[in-house]
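**Q** If you want the building blocks of each chain, they are given just below.
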Amino acid sequence: MEKVVTAVPRPKTAEPWKQISFINLVLIVLAAVVPLGIGLLAMLAGLQFELALLLVFLPVQIVVGSLVGRRVSGKRGMSDAILQVLVIFFAASVFVLLISVVWSVLESGVKTLSLQFFTQNNVYISQTTSLDYGGVGHAIIGTVLLVSLSTIVTVPLGIATAVYLTETRGRTRTLVRTLIQALSGLPSVVAGLFIYAMFIATGITQYVGWTGSLALIPLMLPTVARVAEESLILVPQELRNGALALGAPAWRAFWLVTMPAAKSGLITAVLLGIARIIGETAPLVVTTFAANGTNLNPFNGPIATLPTYLYGFINSNFDTAVQRAWGAALVILILVAILFIAARVMTRSKKAKKKAGN
Amino acid sequence: MSETEVKPAAQRRSLRAKPFSRSDRIFYKTATAAANSSIVLVTLILIFLAWRSWPAFESQGIGYIFGSTWDNNPDKMIMQIGPMLWGSIQISILGVILAVPMAISIAYFIVFMANKKIASGVTILVDLLAALPSVVLGLWGLLVFSPVAAGWAKLLHDTLGFLPFFANEDGNFLRSPFIAGWVVAVMIVPIIASVTREIFSQLDRELINASLALGAGRWSTFRRVILPTSSGGIVGGVLLGLGRALGETVAIFFVLNLVFQVNWWNILEAKGGSVASMILAKFGEAGPAEVSGLMAAGVVLFVVTLLVNSLASYIVAKAQPWRK
Chain C
1 MEKVVTAVPR PKTAEPWKQI SFINLVLIVL AAVVPLGIGL LAMLAGLQFE LALLLVFLPV
61 QIVVGSLVGR RVSGKRGMSD AILQVLVIFF AASVFVLLIS VVWSVLESGV KTLSLQFFTQ
121 NNVYISQTTS LDYGGVGHAI IGTVLLVSLS TIVTVPLGIA TAVYLTETRG RTRTLVRTLI
181 QALSGLPSVV AGLFIYAMFI ATGITQYVGW TGSLALIPLM LPTVARVAEE SLILVPQELR
241 NGALALGAPA WRAFWLVTMP AAKSGLITAV LLGIARIIGE TAPLVVTTFA ANGTNLNPFN
301 GPIATLPTYL YGFINSNFDT AVQRAWGAAL VILILVAILF IAARVMTRSK KAKKKAGN
Chain U
1 MSETEVKPAA QRRSLRAKPF SRSDRIFYKT ATAAANSSIV LVTLILIFLA WRSWPAFESQ
61 GIGYIFGSTW DNNPDKMIMQ IGPMLWGSIQ ISILGVILAV PMAISIAYFI VFMANKKIAS
121 GVTILVDLLA ALPSVVLGLW GLLVFSPVAA GWAKLLHDTL GFLPFFANED GNFLRSPFIA
181 GWVVAVMIVP IIASVTREIF SQLDRELINA SLALGAGRWS TFRRVILPTS SGGIVGGVLL
241 GLGRALGETV AIFFVLNLVF QVNWWNILEA KGGSVASMIL AKFGEAGPAE VSGLMAAGVV
301 LFVVTLLVNS LASYIVAKAQ PWRK
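Same order as they appear, the protein sequences are chains C and U. Heads up: the first sequence begins at 1 in the working numbering, then just goes up one per residue. Heads up: the second sequence begins at 1 in the working numbering, then just goes up one per residue.
I should point out that these hints are in silico values taken from the structure, not numbers from a laboratory. This structure is a prediction, so every number in the text was calculated from the model and none was measured. All C-beta atoms in this analysis are idealised placements derived from N, C-alpha and C, irrespective of residue type, glycine included.
Which residues of chain C face chain U? A few of them, derived with a C-beta cut under 7 Å, are:
| no. | residue |
| --- | --- |
| 1 | Ser79 |
| 2 | Asp80 |
| 3 | Leu83 |
| 4 | Val87 |
| 5 | Val94 |
| 6 | Thr161 |
| 7 | Tyr164 |
| 8 | Ser188 |
| 9 | Val189 |
| 10 | Phe194 |
| 11 | Ala282 |
Build out the structure end to end from the sequences listed, making use of the hints.
**A** What follows is the structure, given as structure tokens:
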């Protein structure tokens with residue numbers, strides 16, 4: 001007896017090579033447009049924006065999407081359409097939030113910016129002083145000083161940690177990796193309290209710039225170590241082995257082969273580390289205090305930074321003070337953006353080189 | 001076959017090369033010392049904070065954690081952080097609940113829906129969101145977001161006010177845990193999203209293709225293949241976000257009204273707490289005894305976040321066996 005095999009009809013979703021028919025294309029476009037229109041109509045009818053979005057647009061979009069999904073690719077198309085609608089909705093809401101932050105800082109901050117806002121300091125400036133006087137010059141200098149001081153200490157430490165994690169088989173690697181990861185969630189105010197307990201409460205020093213730099217180190221270290229570790233891991237093992245086989249001692253193999261190969265990644269690590277701490281406020285409030293004058297010496301007296309400047313003006317009822325806060329926020333954002341773009345360019349140029357090499 | 005002749009197995013030798021030149025030894029010693037400095041750092045933080053906070057713990061006893069009074073009258077100092085501790089947990093949970101759908105959606109969009117160009121653009125934007133300093137987010141939260149979110153809160157109260165946690169008696173919707181939860185959510189979305197994206201992008205493509213080839217749609221692939229294989233990593237990412245949320249200081253300080261009275265569920269009322277923000281709020285005009293109490297709060301915060309973060313990084317590391 002011969003077995004009779006009957007073919008099961010192929011599900012529609014299993015035909016990705018099929019062209020979407022014209023009618024279905026129109027339906028898909030309609031599914032994207034109609035709910036938007038209905039939502040807008042609901043808003044025009046006087047419904048609050050949030051209600052129109054959540055109670056009219058989203059349900060209509062889900063229903064229309066699932067109907068069209070069912071028409072186009074069968075029963076499974078329904079749940080797929082719902083998934084896609086929800087994913088896009090949530091993802092878009094993240095962008096609305098991000099754009100809201102960036103746009104409000106840009107919009108309000110630009111009004112404050114002027115040449116003297118960058119060059120003057122905060123001496124004789126009160127909450128109500130007109131924006132024609134005073135600025136963040138001293139705070140920019142302070143931020144640069146403190147952050148570079150932390151960077152000088154943290155970068156060798158972080159990169160050496162990454163070397164330990166990638167180049168050696170030390171016993172405490174897992175522990176160190178876990179602690180580094182855990183330190184990345186260290187509450188910034190605790191870092192400040194730690195330095196306060198160590199140096200200021202014990203009477204070793206008064207409020208001074210370098211304690212602020214020290215407080216930033218535990219916050220910067222995890223970022224530098226992690227990104228550096230990732231870039232060192234990416235260097236092919238063959239390169240190291242080749243150098244060692246040629247008789248190079250391990251440190252020269254690292255210095256002359258591994259490190260140059262991972263150069264852009266290491267620079268990215270430094271830049272991202274700086275971006276991480278440049279806006280830290282709480283540790284500086286606890287350890288360096290704010291100053292109104294320009295202080296060029298982080299080892300003597302309190303020093304002002306951009307975040308503490310912003311912190312000082314934020315909770316005010318006066319428009320001019322709030323304007324200063326927005327201006328400082330914009331300056332911080334510009335600094336972060338510069339660091340970010342630099343990091344991007346670094347990684348980009350490496351990829352471009354790789355492509356050219358191939 | 002006879003089994004009598006058993007050759008003695010050779011002793012296992014450990015094949016370990018030791019650096020023999022002095023320069024190499026220095027190189028490895030330096031790296032080891034630097035790496036172990038992070039262990040030293042964590043220990044030092046614990047020692048110094050514990051030392052400085054001991055007077056507070058000693059005078060307040062167990063009531064420090066569970067009580068809910070803060071009175072800095074120098075004769076009879078009462079320092080108890082119960083409401084702040086609960087507030088931190090409440091806001092973090094709220095933030096995680098709000099952030100998880102957004103974060104997973106972003107990760108799913110980047111890895112499985114968008115084409116390469118859009119995906120890399122979206123990744124940059126998420127990284128940018130992660131780089132926003134918390135003081136900037138605090139400014140935005142206070143001046144731009146709070147009024148909007150207060151509108152949402154009012155809407156929630158008007159429509160669902162019969163539910164106990166949407167109750168609000170005095171009609172003031174600003175400076176509530178609800179708003180703080182949103183601000184925290186904005187901060188932790190990029191953290192959860194980047195871990196989830198990493199996990200998603202390292203999933204075995206053949207698994208997904210096999211699922212699609214069997215006729216499963218996107219939804220069933222997501223539900224039955226992607227989620228089960230990546231759930232460990234996602235949980236780790238969520239815990240990382242939770243750890244960050246627990247320690248968030250400045251942004252919450254601006255958008256939340258700190259009240260020393262436990263507010264269990266009424267998230268729309270202007271009564272909340274946060275250990276980190278309380279430290280910042282009280283530090284400025286605290287005397288030595290009160291500073292000791294704040295240090296104690298720092299110890300509690302540090303231990304809690306260290307535990308949460310260590311657990312999180314352990315889980316994330318477990319979920320990423322390709323990173324060895």
